[in-house]
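Heads up: the protein sequence lines correspond to chains A and B, in order. In terms of the working numbering, the first sequence opens at residue 1 and continues consecutively. In terms of the working numbering, the second sequence opens at residue 1001 and continues consecutively.
Check the hints yourself; a few may be wrong.
[Stated by the list, open to error] Only pairs whose alpha carbons sit at most 30 Å apart, straight line, appear in this in silico DSS-like list of lysine-lysine:
#1 B/Lys-1405 to B/Lys-1009
#2 B/Lys-1104 to A/Lys-121
#3 B/Lys-1027 to B/Lys-1009
#4 A/Lys-224 to A/Lys-49
#5 A/Lys-121 to B/Lys-1234
#6 B/Lys-1159 to B/Lys-1009
#7 B/Lys-1175 to B/Lys-1159
#8 B/Lys-1234 to B/Lys-1104
#9 B/Lys-1175 to A/Lys-121
#10 B/Lys-1234 to A/Lys-181
#11 A/Lys-26 to A/Lys-181
[Unchecked claim] Derived list of chain B stretches under chain A, where covered just means 3 residues or more per stretch with a C-beta under 8 Å from a C-beta of chain A:
#12 1111-1117
#13 1124-1138
#14 1269-1281
Simulated from the structure, these hints should not be mistaken for lab results. C-beta: ideal position from N, C-alpha, C; glycine also.
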Amino acid sequence: MSARDLIFGSIRRSLGVSGKEAPRRKTVGDRLAQHPAGLVPARGQLAAKERLALFRTMVEAASGSIDEIADVADVPSAIAAFLRAHNLPMAVRRGGDPRLAALPWERERTLEVSVGRSDGKDVVAVSHAFGAVAESGTLMLVSGPDNPTTLNFLPDTHVVVLDAKDVAGDYETLWQRLREKFGDRLMPRTVNLITGPSRSADIEQTLILGAHGPRRLHVMVVGKSE
Amino acid sequence: MTLTSPQFKDNARAALADAQLQRALSKGLGFVERRRLAAERLPEFEALRDGARDIKNHTLAHLDLYLEAYEARVIAAGGQLHFAVTAEEARAIVVDICRKVCAKTVTKGKTMIAEEIGLNDFLEQNGIQPVETDLGEYLIQIRHEMPSHIIAPAIHLNKDQVEADFRRVHSHLPKDRNLAEPQTLLTEARGVLRERFLSADVGITGANFLVAETGTSIIVTNEGNGDLTQTLPKIHIVLATIEKLVPTLEDVSTLLRVLARSATGQDMSVYTTLSTGPRRPDDPDGPSEYHVVILDNGRSSMLGGGFAEMLRCIRCGACMNYCPVFNAIGGHAYGSVYPGPMGAVLTPALVGIDKAGHLPNASMFCGRCEEVCPVRIPLPRMMRAWREREFERHLSPATVRSGLKFWSFFAKRPALYGLVTALASRLLWLFGRSAGRFRRLPFAGGWTRHRDFPAPQGATFQAQWRRRRN
Ligand code: SF4
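Please put together the full structure from these sequences, using the hints given.
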């Protein structure tokens, strides 16, 4: 008997089931198809304005920084200003995401912009988020041809552009948007939920930012929430 | 893994006398206060714990069907699923995958399952070098130690020990460099490990959850090491056990809402990453092969039995953070991969009560572990159940057994019991009344070696009770 059969056999023996019981199969099938939500905390169900305010508070509580930018055309200059303020080199690496490609990068003459995955030598990366969760200040980024996962982890500073209207209250809303975009029961290779910059407290419980991932996480919320 | 649980008593004694360890433990676990604050900040926290418990119970009751559904989704996404009944099988599967690509080095994210199956030693025996990338795991790897805590594996170390180890192992770096602070130590580790990430052939991670709905594996970390481990090499191997299954993404939300709060007191850990299959045809990065090794190692036979509830555990570590015994002796004394209250229940189930019988006895039954467990596992009750089994199987020491027999002889004969205890306390009062206590007592050396025995003051409890009722 294969290991697989042995394991299924042992599970079924312990549970006293055959695996063919129609009611059990229906329970499981229904749950997978309907994916009922559990309890969503009140703070995950705020209206647009308070939701954005909570998102900001939670990003900052997780040691990230956040800027609100009314006009999307101002993103390149806001990035340049951010780099100058932190004494960072005027060079960023970004994915080919159309929303990033459409930005007027040429307005920032001194800013060098390259496109593609990271090989570990880039200091600053710019990504576009799929959405965000206000209840915990969490960004959601998904991998794909235009959104390399390496940009989220290798560079020292990570700047994430986010449409204000994509800030959801809870995780549940974003799972539903994933289903709408990729199809039921289908997922992109990688979905990254990111809450603040990388950290470790493994040496004498002293919390230090920048363990293996970015030391600095900066969120740029663009436009109005609704 | 080398199990030293049978020597628990000696381990505990050594731990109490270990000055470095006691220095590290004396700081107390910051997790405790942070968990309390995080729970207070979320009014729904207790209700979410109920929800988390119910999700796990539901999944375990339908585990065969969720596992089937999960398997189908992994394969549909282009992943490869391998089943392993035992630790040996799991190790062999991993080495086989590594051999096929002639892997020389393997980076590893934090996985307790790899510890459970003793993967690192086996890889080394097969000429493959494993590199731990979680900072805490890296520290214990270069010291050839086991983790002493399931989420803070190097909690037993002080920074001067880390400095000494780095000077010994990173011998290619300048001798006069400054390593006095945790910050400089971390920067050095980051630099050294960055090289390893970029050159590894295979990346191995664990999984906090496996999602049946989508065939997804999920890791939760704060450092980002798990992500570099699974993104950069050609091959990503996930090691997971059967009880990691959850039905849907919605169920994951509930579990995430209690996991980080219970573990570190964060509202959410920094990185929660969902992986489904290998990189897609046009993806610029990610592994080209995605393997999941599903290990049983005794868990399927726990289902439906007295210890099934232990399979709800989401490995947050809260039970050990709050355990007074763990706080006094640290994790190594337990002598197994899983320390603290959750280990005291799980280890006997995995390796046998004959080898791990001391662990369920290392408890004062204060009940704090059950109070904080996010999935409400009745840990004290299950430790008691192990003690009963140990007793039934005549595994408790002869002195304990004959002592209990002696006591039960009298306990079953109330009149005799009253007479003998009255006599004994009268005698003790006679001999002890001047000092009020005994420094030594025959047959009670185990007690009087560490503390005095108070001399009885007046009549026995039963006699007083009788008098009061009349
Ligand atoms: S037993 Fe409960 S408290 Fe302990 S690690 Fe498991 S889930 Fe956490």
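A quick look at each hint next to the structure:
1. With a C-alpha separation of about 23 Å, the suggested pair B/Lys-1405 and B/Lys-1009 falls inside the 30 Å cut-off, and the hint holds.
2. Taking the CA atoms of B/Lys-1104 and A/Lys-121, the gap is near 24 Å; set against the 30 Å cutoff, the hint holds.
3. Under the criterion of a C-alpha separation no larger than 30 Å, the hint pairing B/Lys-1027 with B/Lys-1009 is consistent with the structure, at around 24 Å.
4. A C-alpha spacing of about 9 Å is found between A/Lys-224 and A/Lys-49, which places the hinted pair at or below 30 Å, so the restraint holds.
5. With a CA separation close to 20 Å, the supplied pair A/Lys-121 and B/Lys-1234 stays within the 30 Å bound.
6. Using a Cα cut-off of 30 Å, the hinted pair B/Lys-1159 and B/Lys-1009 holds, with the two alpha carbons roughly 28 Å apart.
7. For the given pair, B/Lys-1175 sits about 17 Å from B/Lys-1159 by alpha-carbon distance, which is consistent with the 30 Å threshold.
8. Taking the CA atoms of B/Lys-1234 and B/Lys-1104, the gap is about 13 Å. The hint holds against a cut of 30 Å.
9. Restraint check for B/Lys-1175 and A/Lys-121: satisfied, since their Cα atoms lie roughly 26 Å apart, inside the 30 Å limit.
10. Proximity of B/Lys-1234 to A/Lys-181 is assessed by CA-CA distance (about 27 Å); at most 30 Å being required, the pair is judged to hold.
11. Using a Cα cut-off of 30 Å, the hinted pair A/Lys-26 and A/Lys-181 holds, with the two alpha carbons roughly 27 Å apart.
12. Using a Cβ-Cβ cut-off of 8 Å, 0 residues of the stretch 1111-1117 of chain B lie near chain A, which falls short of the minimum of three, so the contact claim is violated.
13. For the stretch 1124-1138 of chain B, the stated coverage by chain A is satisfied: 4 residues place a CB nearer than 8 Å to a CB of that chain, which reaches the threshold of 3.
14. Judged by the Cβ-Cβ criterion of 8 Å, the stretch 1269-1281 of chain B is covered by chain A as claimed, because 12 of its residues qualify and three suffice.
The structure fails to meet hint 12 from the earlier list, while all remaining hints are met.
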